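The sequence shown: position 294 = 692 (our numbering), numbered continuously.
Source of the hints: derived by calculation from the structure; they are not laboratory data. All figures in this text were calculated on a predicted structure; none of them were measured in a lab. Just so it is clear, CB atoms sit at the ideal spot from N, CA and C, and this is done for glycine as well. There's no promise every hint is true.
Pair ranges (Cβ atoms, derived) [claimed, not checked]:
1) Pro489 to Tyr752: 36 to 42 Å
2) Gln930 to Asp769: 46 to 52 Å
3) Arg926 to Ala499: 22 to 28 Å
4) Ala492 to Asp576: 16 to 22 Å
5) Ser429 to Glu622: 47 to 53 Å
6) Pro861 to Gln454: 48 to 54 Å
7) Pro428 to Ala461: 44 to 50 Å
8) Glu622 to Val668: 23 to 29 Å
9) Ala492 to Ala886: 36 to 42 Å
10) Asp571 to Pro861: 22 to 28 Å
11) Arg606 to Pro861: 51 to 57 Å
12) Asp571 to Arg688: 49 to 55 Å
13) Glu450 to Ala492: 37 to 43 Å
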Amino acid sequence: MDQDRATGGRGPAPAVLPFDRFRDHLFHDPSLGFWLDVSRIRFENGFFAAMEPRMQAALAEMAALEGGSIANPDEDRRVGHYWLRAPELAPEAALRAAIEATNARILSFAADVHAARVRPERAARFRKVLVVGIGGSALGPQFVASALGTPADRMQPYFFDNTDPDGIDRTLDAIGDDLGATLAVIISKSGGTKETRNGMLELEAAYRRLGLSLGAHAVAVTGEGSELDRYAKKHGFLARFPMWDWVGGRTSELSAVGLLPAALQGLPIVEMLQGAREMDEVTRSKEALRNPAALLALAWYSATGGAGRKDMVLLPYKDRLELFSRYLQQLVMESLGKRLDRQGKEVFQGIAVYGNKGSTDQHAYVQQLRDGLDNFFVTFIEVLRDRAPSRGAIEVDPGVTTGDYLSGFLQGTRKALTESGRESISITIETVDARAVGMLIALYERAVGLYASLVGINAYHQPGVEAGKKAAQEVLDLQAKVLAALGAGAGRALRLEEIAKAAGTDDVETVFWIVRHLAANPERGVVREVPQGGSPFDATYRSAR
Numbered sequence: 399m400d401q402d403r404a405t406g407g408r409g410p411a412p413a414v415l416p417f418d419r420f421r422d423h424l425f426h427d428p429s430l431g432f433w434l435d436v437s438r439i440r441f442e443n444g445f446f447a448a449m450e451p452r453m454q455a456a457l458a459e460m461a462a463l464e465g466g467s468i469a470n471p472d473e474d475r476r477v478g479h480y481w482l483r484a485p486e487l488a489p490e491a492a493l494r495a496a497i498e499a500t501n502a503r504i505l506s507f508a509a510d511v512h513a514a515r516v517r518p519e520r521a522a523r524f525r526k527v528l529v530v531g532i533g534g535s536a537l538g539p540q541f542v543a544s545a546l547g548t549p550a551d552r553m554q555p556y557f558f559d560n561t562d563p564d565g566i567d568r569t570l571d572a573i574g575d576d577l578g579a580t581l582a583v584i585i586s587k588s589g590g591t592k593e594t595r596n597g598m599l600e601l602e603a604a605y606r607r608l609g610l611s612l613g614a615h616a617v618a619v620t621g622e623g624s625e626l627d628r629y630a631k632k633h634g635f636l637a638r639f640p641m642w643d644w645v646g647g648r649t650s651e652l653s654a655v656g657l658l659p660a661a662l663q664g665l666p667i668v669e670m671l672q673g674a675r676e677m678d679e680v681t682r683s684k685e686a687l688r689n690p691a692a693l694l695a696l697a698w699y700s701a702t703g704g705a706g707r708k709d710m711v712l713l714p715y716k717d718r719l720e721l722f723s724r725y726l727q728q729l730v731m732e733s734l735g736k737r738l739d740r741q742g743k744e745v746f747q748g749i750a751v752y753g754n755k756g757s758t759d760q761h762a763y764v765q766q767l768r769d770g771l772d773n774f775f776v777t778f779i780e781v782l783r784d785r786a787p788s789r790g791a792i793e794v795d796p797g798v799t800t801g802d803y804l805s806g807f808l809q810g811t812r813k814a815l816t817e818s819g820r821e822s823i824s825i826t827i828e829t830v831d832a833r834a835v836g837m838l839i840a841l842y843e844r845a846v847g848l849y850a851s852l853v854g855i856n857a858y859h860q861p862g863v864e865a866g867k868k869a870a871q872e873v874l875d876l877q878a879k880v881l882a883a884l885g886a887g888a889g890r891a892l893r894l895e896e897i898a899k900a901a902g903t904d905d906v907e908t909v910f911w912i913v914r915h916l917a918a919n920p921e922r923g924v925v926r927e928v929p930q931g932g933s934p935f936d937a938t939y940r941s942a943r
């Protein structure tokens, strides 16, 4: 990329941009089969030169992180997800050995399951795999399962990714009579994550209804000595795999968190690791304009003013990448959505992420993208290979295939947005295979880390998430007091204010939410009665037990 030509000023974009702008902004690595085009970001004049010192500092921070420096001072913790695909970079020999041994165990265990050397209590073999996790313990495995899965997979994947009872029931119904031939992968670093624990207990009850034990059908991915680790030992789980404290949930897909479910599904995890490793090598370049992760981070900075002023809209024109936007929502928003910078100053940073898939988006929200608020930038993802070569091609018009239409819609949408002065980035890969998926994961992991350095925030902690968990526990603690107050009433109908007083709180609104939910579920034993003509706030509640 020519730095002088890469600094075009802002202002209305012409309908057709000069070809030399596209040529000078296009990053291409033929060995990766990867292209990145940032020509439709309207960089200010002199932007790259002005950002060079800050980017070099960010690259130096990234190199220190890979070398084992403390990356999350809040927890005095290193961040080593880059070592997962290059164990030789781990700062201690013991870490390298642990990574290599774990990857070997994953492949060996999956082979034993597929060969029925590891088998369920009654069925001849495991045919399905159920991942129980939340956040990074589910989003990464779901994305990879969807992107790479085929009907020929060794095991069919399912997920408990929430504490929604109806969602759990729907998944169990989908598994149906094959529950006894289903291997559960329970994933939680601490073992105390309530959504995962709840899913595990629901699953344990489902196995028990069949006269089966959870332990004979489960493996754990967790921290050594964690609550889940102890539970797995006690209940005789088939295996336990490590979840290291230096791997965050949102960057854990290439650890046992994602590799074990993928290997059980029958996906080529070695190729996925190789793709990530190759992208890591390219994105270590100290020449920012030849480093796709640095280019992405700089494009984000330019588009958002380095202050999150615009949202990131992800539009992959390939059904297999439909879940990539959900995966990136956590990776980007949990990493960058911070109130304080590293000096403790309030900055309210972040980039909101949302997306659909092309060309579905043509019939969903492209109208607003083109003509509505200019509060976003788009990332198009193009896949050159339309379908597996063995499938052939069908012409739907003379000389035109369905894949040609998909490509035309992508190019047309990109052009229409440019004509409206809307900014976009385009990423192109040759095909959606395990290597390419590993490349995309690695690209965005490093881009997020570099951008966080550019804006001076800690990408590797999540105080807002912890605050939400604490607040949820406070609600559940109050619920216990509410139930006790209703029980002490010996069946007497109580108004909201009376319940709150008996529960020792003046937070009547939270009491309202609690009792409304309890009363809607008859098995909870709370009866709600509203006087004729009264409002919901005139209701009384009593215990039916």
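Hint by hint, here is what the structure shows:
1. At about 37 Å, the beta-carbon gap between Pro489 and Tyr752 stays in the expected band of 36 to 42 Å.
2. Range check, Gln930 to Asp769: Cβ separation about 50 Å, and the 46 to 52 Å hint holds.
3. Under the hint 22 to 28 Å, the C-beta atoms of Arg926 and Ala499, about 56 Å apart, miss the expected range.
4. Evaluation of the 16 to 22 Å hint for Ala492 and Asp576 yields a failure: the beta carbon distance comes to about 40 Å.
5. The hint said 47 to 53 Å for the Cβ distance between Ser429 and Glu622, and at roughly 38 Å that hint is violated.
6. Checked against the given bound of 48 to 54 Å, the beta carbons of Pro861 and Gln454, roughly 29 Å apart, lie outside it.
7. Against the hinted window of 44 to 50 Å, the Cβ-Cβ separation of Pro428 and Ala461 comes to about 26 Å, which falls outside the hint.
8. Hint check: Glu622 to Val668, Cβ distance near 25 Å, so the stated range 23 to 29 Å holds.
9. Distance hint check: the CB atoms of Ala492 and Ala886 are about 56 Å apart, inconsistent with the given range 36 to 42 Å.
10. Between Asp571 and Pro861 the Cβ separation comes to about 38 Å, which falls outside the hinted range of 22 to 28 Å.
11. Between Arg606 and Pro861, the C-beta spacing of about 38 Å breaks the proposed range 51 to 57 Å.
12. Distance hint check: the CB atoms of Asp571 and Arg688 are about 52 Å apart, consistent with the given range 49 to 55 Å.
13. For Glu450 and Ala492, the Cβ-Cβ distance of about 38 Å falls inside the hinted range of 37 to 43 Å, so the restraint holds.
In this structure, the earlier hints numbered 3, 4, 5, 6, 7, 9, 10 and 11 are contradicted, and the remaining ones agree with it.
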